[in-house]
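Those sequence lines, one after another, are chains A and B. As numbered in my numbering, residues 1 to 126 make up the first sequence, in order. As numbered in my numbering, residues 1001 to 1207 make up the second sequence, in order.
Everything labelled a hint here was simulated from the structure, so no lab data went into it. Mixed in with the good hints, there may be bad ones.
Unchecked claim - Partial selection, computed: residues in chain A whose CB lies under 8 Å from chain B: (1) V7; (2) A11; (3) G65; (4) I121.
Idealized CB from N, CA, C, for every residue including glycine.
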Amino acid sequence: MTSLEYVNNLAIERADALRKTKDGDNFKNVPQFREGDTVVVAVRVVEGEKERIQNFKGIVIGLRGSGINKTFTIRKVSNGVGVERVFPLNSPMIQSITIDKLGHVRRAKLYYLRGMSEKKIRQKLS
Amino acid sequence: MEKAILGKKVGMTSIYDDKGVAVPVTIVEAGPCPVVNIRTMEKDGYSAIQLGFETIRENKVIKPVAGQFKKVGIAPCRHLKEFRNLAKSYEIGSEVTVAEFTTGDKVKVSTTSKGRGFQGVIKRHHFGGVGMQTHGQSDRQRHPGSVGSSSYPSRVFKGLRMAGRMGGKRTSVRNIQIFDIIPERNLILLKGSVPGPKNTLLEIVKV
């Protein structure tokens, strides 16, 4: 193992360890998912001293990077406005990722969903 | 100077601190560096230690250098550097390892920066360019502009910043924080970036 791989693995271990100390029994492993899946991300929101969980549900439209630098982009339509958020996959600021629905797509990046109606997106993902 | 070590830049990645914030770090494989020689005030007129780094085969070094290592009974090293006026006293043959440093230390990192070749004034000296695209300006958006006045002094002043070779020079960055130390793999994680390409030799010094 090269030093770079070693530190990358160490970074993931430490991020997991930090989540374990924060969540205790509620700790969940990072699941395997891919583009087109609908997932719910429980994000920690820090407000002053307090911390609470906020859910963000949407379609995964892309994954990029590797190791500790891997991120994924989620898109949802909220009150008619498209919202996209990019999360680091192993971030300790994510409490859990749950897969809501599996999608079936042939692309690695689903940017073409951006201009589509909800009905069309549903057709594309099945 | 308090402590010094030689290392090799491996690359960069990010790591989460105990608050969950992603911190960019540079990975450095540092030491173990054998103390090959000691310069003393009485004998050499200055006090310093000579550190070696990266053991290589004996046929890889020229004979006079091999002799220096043979004399002290240390395997030949690819790199040899002297560090002056260290606070701690060392013995020939002892090893400097990353364990001497502590997390949170502020260090100075010196190395040869990446060579950029012949560069114009905008990249090399952060000039702003000539400034306009119209009003008679043509083909000179990235030019240096005027280099001086006319009949007096009838010459260009020495040291005027112009285009030329950039990078490939010795550079130091001070106050780089040590994010973490991994003694079992001889690694130092430095917060932020460090000059030079990958696999370059770094001198890490705590002033």
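To see whether the hints hold, each was checked on the structure:
For the restraint placing A:V7 at the interface with chain B, the shortest Cβ-Cβ distance is roughly 5 Å, inside the 8 Å limit, so the hint holds. At about 4 Å, the closest approach between the beta carbon of A:A11 and any beta carbon in chain B falls short of 8 Å, and the interface hint on this residue holds. The interface hint given for A:G65 is violated, since its Cβ lies 10 Å from the closest Cβ of chain B, which is over the 8 Å cut-off. About 31 Å separates the beta-carbon of A:I121 from the nearest beta-carbon of chain B, more than 8 Å, and the hint is not met.
The structure is inconsistent with the numbered hints 3 and 4, although it conforms to all the rest.
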